[in-house]
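Colleague: These are the residues of each chain, in order.
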Amino acid sequence: MNASENPFESKRNWTKLREKLGVGSFGIATYFILFCAALIFGQIAYKGLPTFFKSEAPYVNTEFFTSNPEILRVWHDAEGNKFSMPDKKFDVWRRDNPDAVILDPHALNYSAGGIAGPLIGTALLVLFCMIIALSIGISAAIYLSEYCGKGRIMSMIRLSILNLAGVPSIVFALFGWGIFCHAAPAIVDHVDERSLFAFSIGSNYLSFQGWGTSLLAGSCTLAIMVLPVIITACEESLRAVPKGFREASFALGSSQWQTIRKAVLPYALPGILTATVLGITRVAGETAPIMLTATSTDKTDMPMQALQNEGVWAFFTQSVQALPFHIYTLAKLPDDPLSKPMQNGATFAFLLLVMGFAFVSILLRNRVRKKLKW
Amino acid sequence: MHDMSKKITALSKTTKNREASTVIEVDDIGFSYDLGKTETLKGISMEIPKNQVTALIGPSGCGKSTLLRCLNRMNDLIDTAKITRGAIRILGQDIHAAEVDAIELRKQVGMVFQKYNPFPKSIYDNVAYGLRIQGVKKKSILDEAVERSLRNAALWDEAKDRLKDSALGLSGGQQQRLCIARTIAVRPKVILMDEPCSALDPIATAKVEELMLELRKEFTIVIVTHSMQQASRISDRTAFFYLGELVEYASTSHIFTSPSVKQTEDYISGRFG
Ligand SMILES: Nc1ncnc2c1ncn2[C@@H]1O[C@H](COP(=O)(O)OP(=O)(O)O)[C@@H](O)[C@H]1O
Ligand SMILES: [Mg+2]
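Keeping their order, the protein sequence lines are chains A and D.
The first sequence begins at 0 in numbering that gives the first Met the number 0 and counts up one residue at a time.
The second sequence begins at 0 in numbering that gives the first Met the number 0 and counts up one residue at a time.
For reference, chain A alone in the conformation it holds in the complex (with noise of 0.2 Å):
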C-alpha cells in the first residue's frame, strides 16, 4: 500500500492551523501575564531586598521588622560631609557631642526605624476580620444552603449578596465609620458627649457612642466587606457536598445540625478555606476602610502595650498602624533618596505578608484535601 492510499491521512490542513493559532494565542496570553507579573514582583523585590539586609554583622536588618517609624535627621557639616541619623539615635549623639557643627539640618519622616508598628497591626486587623467574617459568614452559609427554602426572597437575598460583593471598598468604609465608630454601642464609665443615646446599666452606662477609630472598628468593617465573598464561597463548597453524604447521615437517624457537623462540613472545608484565601487576600491589602476606621499616623506604642497597661477593651478600641496605609503614607513623602530605602522596604515587606498568608491557607486547604478525598 504506498502513501496515497493511506485511509487516515490528514486533509483539512487549515483546521490544524486554526487550532495551532488558537492554542498559540491561549499561550501567549498566558506568558504575557506571567511576565508582567514576575516584572513586578522582580522589580519590588530587587529594590526592596537591600533594606532587609545591612553590610555589617548579623546582616539582617533585625531593626526594620522591630522598631516602628521614625524621623530621619539629616545635616552637613562645615567641610560638606553629609549625615543622617534616626531622631532616637540622634538625641544620643547630639548629647556626646555638642560642639558639632550641624548645618542645613532637616527633618525626612519615616524615613527611619522600622514597619514594625504597621506590620503587626495589619496582621491584627486581618486576624480579628477573619475570626469575625467567618464565624459570621460560615453560619449565614449554613443557613443559606441547608436550613433556608428556595424561595423567591431568598434567591432575592442570595442576589443581593453576590452585588455585595461588587460594592467599591470606600462604601464600606464610610459605612463602617458611620456604624462602628460612631454609633456602635459600648459599656462605658462615663457618656461621652458624642453619644447617639445611652442609659444606664448598674453603675455604668450603655452608650451608642461607637468605638472611634480603632482596631475594633476597622476589623469590623473589613469583615463586613469580605462578607459577600465568604458566604457565597461557603455556600458554593457546602452545596458541592455529595448528596449521598446527606442522605446518609439523615438515614442512620442524625438531626439537621448533626448531618450538618458530621456529614457536610467537614468536607466543605477546602472550599472554606479557598475562600479564606481569597478574602485574606483581599482584606490585607484594602486601604480605603481602615484609612477611616482604623488607622491613625500619630501612634507610635504598639498595640500589644495596650493590652498590658489598660486591658483587652483598650486593646481592641485603640487605634492601629496599617501596612497599606503606611505604604500610602511613605508615597506621598517628599522625593528624596535617604526616604526611598523604607519605602522600597515596606512594599516588599507588604508583599510577602500577603503572599505569606496566602500560602500558609493554601498549604492548610492541601492538607485538609489530602485528608479527605471522595
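Hint data in this document are derived by calculation from the structure and do not stem from the laboratory.
C-beta: ideal position from N, C-alpha, C; glycine also.
Accuracy of the hints is not assured; some may be wrong.
Label pairs and their calculated CB-CB ranges [said to hold, decoys possible]:
| id | chain 1 | residue 1 | chain 2 | residue 2 | range |
| --- | --- | --- | --- | --- | --- |
| 1 | A | Gln-255 | D | Gly-42 | 29 to 39 Å |
| 2 | D | Thr-79 | A | Thr-29 | 41 to 51 Å |
| 3 | D | Lys-163 | A | Ser-138 | 28 to 38 Å |
Capping the alpha-carbon separation at 27 Å, the derived lysine-lysine pairs in DSSO-like fashion look like this [stated by the list, open to error]:
| id | chain 1 | residue 1 | chain 2 | residue 2 |
| --- | --- | --- | --- | --- |
| 4 | D | Lys-81 | A | Lys-149 |
| 5 | A | Lys-261 | A | Lys-53 |
| 6 | A | Lys-242 | D | Lys-49 |
| 7 | D | Lys-188 | A | Lys-242 |
| 8 | D | Lys-216 | A | Lys-369 |
| 9 | A | Lys-298 | A | Lys-149 |
| 10 | A | Lys-88 | A | Lys-369 |
| 11 | A | Lys-261 | D | Lys-261 |
| 12 | A | Lys-242 | D | Lys-216 |
| 13 | D | Lys-261 | D | Lys-216 |
| 14 | A | Lys-242 | D | Lys-114 |
| 15 | A | Lys-369 | D | Lys-81 |
| 16 | D | Lys-163 | A | Lys-261 |
| 17 | D | Lys-216 | A | Lys-261 |
| 18 | A | Lys-261 | D | Lys-137 |
| 19 | D | Lys-49 | D | Lys-216 |
| 20 | A | Lys-369 | D | Lys-120 |
| 21 | A | Lys-81 | A | Lys-331 |
| 22 | A | Lys-261 | D | Lys-49 |
| 23 | D | Lys-120 | D | Lys-163 |
| 24 | D | Lys-138 | D | Lys-120 |
| 25 | A | Lys-53 | D | Lys-159 |
| 26 | A | Lys-261 | D | Lys-36 |
| 27 | D | Lys-81 | D | Lys-159 |
| 28 | D | Lys-159 | D | Lys-188 |
| 29 | A | Lys-298 | A | Lys-331 |
| 30 | A | Lys-242 | D | Lys-163 |
| 31 | D | Lys-188 | D | Lys-136 |
| 32 | D | Lys-188 | D | Lys-137 |
| 33 | D | Lys-159 | D | Lys-114 |
| 34 | D | Lys-36 | A | Lys-149 |
| 35 | D | Lys-216 | D | Lys-188 |
| 36 | D | Lys-163 | A | Lys-369 |
| 37 | A | Lys-242 | A | Lys-149 |
| 38 | D | Lys-81 | A | Lys-242 |
| 39 | A | Lys-261 | D | Lys-120 |
| 40 | A | Lys-242 | A | Lys-261 |
Position chain D with the ligands against the provided structure of chain A, taking the given hints into account.
Modeller: Just chain D with the ligands now, kept in the frame of chain A:
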C-alpha cells in the same frame, strides 16, 4: 457464580413458609412531589411482613423509590413533597402522626442507597457513625458494635486488619456491604434498600444477595430492584408497580409463576418495561 446463585435459591427455599406478622402497613397512600398537583403514588395499600424480604419491582419511574423513601420519611427533606392521602403504620404507629419524630423513626427504619455512599472516613468510623450520633462514646461498646455489624454484613474477615483505613479504599461491593454494616449497627427493625446492587458486578451482587437472606432472620427487608432475577432469587413477596399504582402484590413464587394480572405477566416476561 453459578454455585452462588444455586446456594441463594436453596437458602431462600428453606425459610419460605415462615409465620409472618405485619411490620409495615401502607394504607391507601398518595404522594406528590409538587404539593399535590400531580400524584406520583396513587393510593397504594400493602402489608409488609416481618423477617421477610419484600421486593418492589416495576419499570423505572413508576414510584418504587418514592414509596421506599416514604417509609422512613426521607421525602421530608424535599420542600414540596406532600402525602396527599392515606397513612403508613410501622409497628402499629402512624409515622406521620404529630408525636412521631422522623429522627427516631429513621433509627428504626434504616436505608441503603443505590449508589454506595460511605463517608470519606475510616471503616471503623463509618460503622460507628450512627451510634456516635446517638451519643455512644464508650470504646468497648463501639468496638463490639462495629465488629458485630461487620460480621453481620460479611465484611469482617476482609476489613478486620484495616479498620483504621479509609473506607474509600474498599472495592465497590465491599463499600456497599460497609453501608449495610453501617445501617445495621444502629439495630433498626426495618432495612430499606434501593437497588443496592445496581452499581455492583455479578460476584459482589451475589454476595449482597446472600447477605440479605442472612439478614432477614433479624431484620425486615424491603428492597427495590430492577432485576427480576434478583427479586425471584431473594424475595419472599413481590410487589409490581406501574405508573404509581400497585398492580399486583403476592408471594414471589405466585408472581413469577402464575401472575393474576396480565400487566404483571407482560412485565416479568420482558414484553415491556
Ligand atoms: N425529588 C424529586 N422531585 C420531583 N420528582 C421526582 C423526584 N424524585 C422522583 N421524581 C419523579 O417521581 C417519579 C417516580 O420516581 P421514582 O420513585 O424515583 O421511580 P423508580 O424508583 O420507580 O424508578 C418519576 O416520574 C420521577 O421523575
Ligand atoms: Mg429508583
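Colleague: When the hints from earlier in the document are held up against this structure, which numbers fail?
Modeller: 5, 6, 8, 9, 10, 11, 12, 13, 15, 17, 22, 25, 26, 27
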